[in-house]
Amino acid sequence: MTALSSGTELPFPGLRSGVELVPTNDQPQTGKEYTSDQEVRWCPGCGDYAVLKAVQGFLPDLGLRRENIVFVSGIGCSSRFPYYLDTYGMHSIHGRAPSIATGIATAREDLSVWVVTGDGDALSIGGNHLIHALRRNVNMTILLFNNRIYGLTKGQYSPTSEPGKVTKSTPMGSVDHPFNPVSLALGAEASFVARTIDSDRKHLTSVLSAAAAHRGTSLVEIYQNCPIFNDGAFDAIKGQGEFKDGKADAIIPLVHGEQIRFGAPDEDGRGSKVVVRDHVTGGVKVALAADVEDSAVLVHDAHATDPSTAFAISRLTAADYLHQAPIGIFRAVERPTYDDQARAQVATAREDAPGEPTDKLAALIGSGDTWTVV
Amino acid sequence: MSSQVQKQVKQLDRVIIRFAGDSGDGMQLTGDRFTQESAVFGNDLVTLPNFPAEIRAPQGTLPGVSSFQVHFADHDILTAGDAPDVLVAMNPAALKANLPDLPRGASIIVDTHDFSARNLTKAGYDANPLDLLGDANDPLGDFAVHPVDLTGMTVAAVKEFGLSRKDAARAKNMFALGLLSWMYGRPTESTIAFLTKRFAKVPAIRDANITAFKAGWNFGETTETFAVSYEIKPAPVSAGTYRNISGNLALAYGLVAAGVQSGLPVFLGSYPITPASDILHELSKHKAFGVTTLQAEDEIAGVGAAIGASFAGHLGVTTTSGPGIALKSEAIGLAIMTELPLVVVDVQRGGPSTGLPTKTEQADLLQAMFGRNGEAPMPIVAPQSPGDCFDAALEAARIAVTYRTPVMLLSDGYLANGSEPWRIPEITDLPVIEPNFATERNHVVKPAATAEDGTVTEEERDFWPYLRDEETLARPWAVPGTPGLEHRIGGLEKGEGHGNISYDPANHDFMVRTRQAKVDRIAESLPPLTVDDPSGRAKVLVLGWGSTYGPIGAGVRRVRKAGYDVAQVHLRHLNPFPKDLGEILKRYDKVLVPEMNLGQLSMLLRAKYLVDAIGYNHVRGLPLKAAELAEAIGNLVAEAEGITVDLSTTNDPHTAEEISR
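Protein chains in written order, with the UniProt record's numbering: chain L, 1 to 374; chain P, 1 to 661.
Mixed in with the good hints, there may be bad ones.
[Stated by the list, open to error] In silico lysine to aspartate or glutamate, EDC-like type, Cα no more than 20 Å apart, as pairs: (1) P/Lys-285 <-> L/Asp-352; (2) L/Lys-244 <-> L/Glu-258; (3) L/Lys-360 <-> P/Glu-426; (4) P/Lys-539 <-> P/Asp-589; (5) L/Lys-32 <-> P/Asp-462; (6) P/Lys-287 <-> L/Glu-351; (7) L/Lys-360 <-> P/Asp-429; (8) P/Lys-159 <-> P/Asp-207; (9) L/Lys-32 <-> P/Asp-532; (10) P/Lys-287 <-> L/Asp-352; (11) P/Lys-561 <-> P/Asp-532; (12) P/Lys-446 <-> P/Asp-462; (13) P/Lys-287 <-> L/Glu-356; (14) P/Lys-201 <-> P/Asp-167.
[To be verified] Partial selection, computed: residues in chain P whose CB lies under 7 Å from chain L: (15) Glu-297; (16) His-314; (17) Leu-334.
It should be emphasised that the hints constitute simulated quantities derived from the structure, not laboratory data. Bear in mind that the values here come from a model prediction, so they are computed numbers and not experimental data. Every residue gets a Cβ at the ideal spot worked out from N, C-alpha and C, and that includes glycine.
The following block holds chain P by itself, in its conformation from the complex (with noise of 0.2 Å):
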């Protein structure tokens, strides 16, 4: 690709993109790509992808846009972005929707094609804001705007191939990959292989998104609407081996690794619910690790048949969303009873009800906790990152298998999708989980005698089920055709150790106490909570749990790079809490718990430790805010320490988003 003008490159720390376009519009393969491609470079990155929940909404509306955000760095980061600083727009409505996130300055790259009186009214604009660009009245004033045809050009490019109109224009997504790509330095290798593979079939289609695809980046070359192009060096990073990965992949091959490093077959029983479907699709590809997956006919059969796996010696896994785990309540309850090893995985979105289905929330925890009738406690572990979701797997599995119990493995919608690079483990590294299958009776009925004339009469053993192992309080796994141990299980109270149906008063207190001292024994296995308080002099301590560790850090940094003192806790085990949190959240003045909910772990933290957990709460279906979470914990700081907190030289958002640690 050959430079025709003298182009000046800029150096960056990093940037925000957002893809914005019509539903059908391919905007998420576009981030996609991208993503990819910044990965390979080198630069540490976050990605948001934010779609509606139809699958064609109607072409050219405000409801039908979907978009993809990526921020990328040469530092470490910990999230997608507050606000873009570039917006590549698609169409009328893709323009109209992301102006409200945009910072003054930033740069519109938009495709005036689509640009009708049709599309502009169906986006809601009385006159077309790109006839008024300049004049006094400019509604994009604010910005740096670069109209550019990108349909047109994009049908031009890919005239040789013979594609209709329609097929021809549906390119100008890899046409606009192609142009940011070169704006931003972006190697191409691998979006060309992955085009031509994924075309493969088709090779009119592979070679005109191709074509597109190098249009564009020779269209940023040669043109003078672009006169800087960007240069964002690699991410220092730790050695290693990297690949960029969402969390509901992550989450799939820890569940693969899982079955690997415990030798148990994995069983998934699961319905398809949007946004935990993927894993039961990558999980269905990896039979050849002895994975089976049933689609099974509703929510309650996949966790049943996962749970009849379970109790056949498998891995039982069933994965959905809140509605889901609603509808499974009753067999968790179960599994409770029954003592069975179960992960069950919780993708959570926007509720109630159907809610959001495609947005992220938090708002699962206390139907994780408390979601079922009667005392049925339930360990939960929650992952903090789309790459954590690997290892949170592996750690659900743990605690199922070597305490005989369900697990609810709690991620949401922004893990699911959203990715970032991660550093690929050794499998030496991992964990080994043993099963510790009951092989023998375990229980004495008589014991071996000697009689008076010398006869021995040999001990007469038969087996209890549950008859708990004293460290772990976990019940025996005998598992059916292992003879000598057949044996009876269900929902009904269990006698203590035998395992047959008890209606004693005494025994069900005892056996409901025993049930909860199980799940609490967990916290004996837990390492120290990591507490970072780089100064040792904060008063403030931040405490979250699972996605919004990357806004909480980013929003303590801020706070830090301002010259202030302040603590970050996040937990990936929520039931039970790490033996050390009590004491922790002593040391502090003021504790703030960051959450997309209505302060559900702030709830448990005030019943059980008698803190004043202070909550910062938004429930808009997106990850929290960095900036709007460094001024609460600045407004905190500045109570706590009787000081003026100002966090200006390091609050606005297009000079100084986050900082290297």
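Chain L on its own, in the form it takes in the complex (with noise of 0.2 Å):
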């Protein structure tokens, strides 16, 4: 996987930041900076840990104004997120952090705008706010944890859990058809969509970068494992416990401008399976590389204004347990984004109504058919 520069560099060129209008800082800051005086308290073990520590990491190297970050969370285990960061945030309401959100990245442009959400806050109680946040490209990085279950309400089935699962609530199995979350993000026309893993801090931070360096709306999703409820829901993944081996063959990486290969290495050191279109479906599909031309290996294009491809790769997760997943970032392209627009509109009516606001409040209540008494 490429590794991105860190900083507030650009990782596609052309395209606008996300945090162009922030502030930023000049002198170097610290991982400690950004930790508030709040004891953590997730389970021991808990994949959250991970991602915190990454984001505490990472935003040092963002470069910007501490005060001019915002985090927003809704309701679950990871939306406590914002009370371990020092910057300012919201722990809101299950489901309504992306509306919050949009809120406040459309009022301040000096603003860098995060949420932090899990399966069940984003994608069943506040699929609605997503997939809206989400179409009008609102300036802002959603952290999508997913861990397939509930954890906080003490382990129910959530919207991303496998067909089948047996929870508490579910005792003869789930009969829910489970959402791919980057599916659901492109099928939205998402300007910018990854997915990324809560142990592979590398690539976590990467992907963040990316992440809050584009203008619109980022959606990350975080494969996060949870230890009490759903323990191993992502070893294939991770190639831990029974898949120790498979991990080269669970993962297929996504980089742009790359050919998109995985599984064990053949004699050339590259990957022995390849993605390549199908012809049939008009999707794309998992081939051996042995079987096909090097050309007809399909080149990962991030940056394509079509979401199809992007879609049709999302689409090789696995639904069931988590045997294979894209890993990386999926799409990202250039949409003009709702806040700036919103702003552009307010900013071009003061321009054409300029004058002092008591002046021009006299002026509004005062038109229309008037009539004086004396």
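Fit chain to chain and form the complex, with the hints in mind.
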């Protein structure tokens, strides 16, 4: 996977930065400055710790003024996140963080706005706000912690749980069909969609950098292990437990401009499995490298205007037990943001009607058909 | 416009006209134009639009009837009138639907054109009532009926513009407006200017409408059908510049004014809903004032975005009607917990559920008061007339910003769409709202000290987001971008002062009481109530809130005119109640509380003051009627004073609807 340089540098030349209007800090910062005085209260072994550490470690690299960063969350284990960061923050109500963040981001161009949410918060109770934030392309970064379970309510199945999952509320197995968060986001025409893993700090950090630098709504799905209620859900992806040797077959790495290859290396050291177009379905499929021409191997284009191929790639994610998933940036395209356009309309209207606000107010309320009584 | 027939001019002190037609006939526009003409002329006036929830209900049917009532007078009036003196009916359904409201002797101007067998059947008429005029069994025998082929004359008048028959006939509302404008001596310039502008892009339609309007006027002047025209002199009002204004427009202007007077950009998050959408439409035009409007994906997102904007230092506003409040409740609770300024506008309509979307009601008071989980006190402000929506919006914003709290502004469908002349205020008379953003750390961690060896350590401070102002109990409003004041807020219970999460039992008890005390403390900033008790001898007090101000005032005037004593108080603040309310209630033997609900304010008064509040309640989707209210007040006066009350001299709806003060 491509190592991205830190800082506010653009990962994709030519695109506007998500933080270009946020005041920068001329002093070096440390992760400690971003650590609040509150005791972190997740379960031992929770994947959230790793993400918190990664974020605290990465925020100083953004080089922004700390007071211009806002974290907003909903309800759920991951939504405690803002309490542990010494920035501005709001721990709001279940599912509504994207709407609150939309208000913040639209009101203020000088803020770097982050949403921390989970699979239940974002995809179940807050599904509507998520897709509309993505559709509008409000300048914010959404970290979707996906542990495929309800943790805070103690173990019911979530909208990303695999079919047949036996939980407290589904003793005979879940009959719900799950969402694939990346497919959902691409379906909503999100301008930046990525997937990463809690335990891979390097990849996590690189994706966060790219997401923060993206101008518009960035959705980052983070596979996050819940050791209490859904332990091992990502073992195949992480090459843990019974999947100790299977990591190469499970992760399909997506790197812009490179062939999509994975699996045990062939004699050239390249992945022995490849992704190719499926001319029968119009989608993509996995093939053995040995069976196809090199030119037939799909080259990942995160900047493709049309999201169809990115969507097709997202369908390579296993829907049941997660034994295979593409990881990386699926899509990063430039599209006008809601907040920039809304502010531009206000700015234009103000330029067109200069003058003292009180004078303008007097003119407004005194408009229309009036008559004077002396 | 030359006169060919010698006409008699009669003086009247007031007239109530109701324009009624199919919902596609343009009756709202007709009524609105007549209102503007009357306003410019200088009459006092009150209007009552009444229309179906369907945009185009089946043509020609009773449910599809739309009407607009305007009451105008040469003196100060308070209501749109109980019963119309004149009905303009554009089709059989409009005649049939409105007939029950007409008092004996009322005039009916009816467009005969649509009285076909088919339309009569649709309206439920077995026989054409117009064929029976003058017969012994004439169903319209109690009224002065003027059958006129308004449509036919309109089509003939606009022939030269080459419009389709359908388009030509559509100008019939302007013909009717022209006729009524002549009959009541209305100035016509504003309507011609309006039509010129409105149809500027379609010259044929523009010219047809103007021609129909003038043709209607000329018809009145020349026809022998109408022998009399009327004069209603301008009403004497206090000096100033006036305009006609609807409640929704005044409310939107009030919010713009709140932005100007506080220096805060207004941020509206809203989802379209009847009858509140016009506020969204209006505010979306005022970006030049720094107003941002976000049409959200749903009601919850509307309030969510407003809360986010408030957190970011804007004046967050969300506008809706009752069903929307139900959806926003959890988020309003968050604003109460996070103690952020927020104005929540509820333009009440008939409920429960979808209810009567286009009709008025006051049945959301208890929802506003209690409709949230936990102890979640929320200030409530209610306007009393369309123009008063302006001041009420400013007052809601004042409380929200000063006390860092969401405030419920309870308008209703009648105020929203009704209109009245409004004296345009001077900007210098408007209240100034101080946001007082926090800029400094407010809590001393370690005081400055000088050690024995003389080394001085400076004071160490941090920021406590829940350290309160002693007077208002408001917490500091520290907006992102302010260095050194980084903090986290949220829906979990806060520790007193520092604001970190706290599950401590004593702290929760303290914080619940403190949030209540903060809202109660708003009463300290309220002026004393105005008690309208001219003789000082009244034993009966009539107490109301919101849009019932007009009907209550008109009912009270009738009772006083008949020689009896009654006092009136009207509440703008429903939570907290003004400090002197309890003492005022004690002064009277009987307290009557008229409401368009089943007794919600009565319940609050009974609970808080142990007063035997007597309800007068109707939920018909229409304003209370002054005559009925006068009756109820009279009965109570009779009971309280042990006398017989006779209101017959003042209660004939066709003679003396309302009496000057």
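Status of the hints after comparison with the structure:
Under the criterion of a C-alpha separation no larger than 20 Å, the hint pairing P/Lys-285 with L/Asp-352 is consistent with the structure, at around 13 Å. Annotation: proposed proximity of L/Lys-244 to L/Glu-258 is violated, straight-line Cα distance about 27 Å (limit 20 Å). About 12 Å separates the Cα atoms of L/Lys-360 and P/Glu-426, which keeps this hinted pair within 20 Å; it holds. A C-alpha spacing of about 5 Å is found between P/Lys-539 and P/Asp-589, which places the hinted pair at or below 20 Å, so the restraint holds.
Restraint check: the Cα-Cα separation between L/Lys-32 and P/Asp-462 comes to about 17 Å, which is no more than 20 Å; the hinted pair holds. A hinted pair counts as satisfied when its Cα atoms are at most 20 Å apart, and P/Lys-287 with L/Glu-351 qualifies at roughly 10 Å. Restraint check for L/Lys-360 and P/Asp-429: the C-alpha separation of about 15 Å stays at or below 20 Å, so the hint holds. Note on P/Lys-159 and P/Asp-207: the hinted pairing holds, with a Cα-Cα distance of about 11 Å set against a maximum of 20 Å.
Between L/Lys-32 and P/Asp-532 the CA atoms are separated by roughly 65 Å; this puts the pair beyond 20 Å, and the hint is violated. For a cut-off of 20 Å, the pair hint linking P/Lys-287 to L/Asp-352 stands: about 10 Å separates their Cα positions. With a CA separation close to 15 Å, the supplied pair P/Lys-561 and P/Asp-532 stays within the 20 Å bound. For the hint linking P/Lys-446 to P/Asp-462, the alpha-carbon distance of about 10 Å falls within 20 Å, and the restraint holds.
Distance check on the hinted pair: P/Lys-287 and L/Glu-356 sit about 14 Å apart at the alpha-carbon level, within 20 Å; holds. Between P/Lys-201 and P/Asp-167 the CA atoms are separated by roughly 15 Å; this keeps the pair inside 20 Å, and the hint holds. The interface hint given for P/Glu-297 is met, as the beta carbon of that residue sits about 4 Å from the closest beta carbon of chain L, less than 7 Å. Hint status for P/His-314 relative to chain L: holds, with the closest Cβ pair at about 5 Å, below 7 Å.
Given hint, P/Leu-334 at the interface with chain L, holds; its Cβ is 5 Å from that chain's nearest Cβ, closer than 7 Å.
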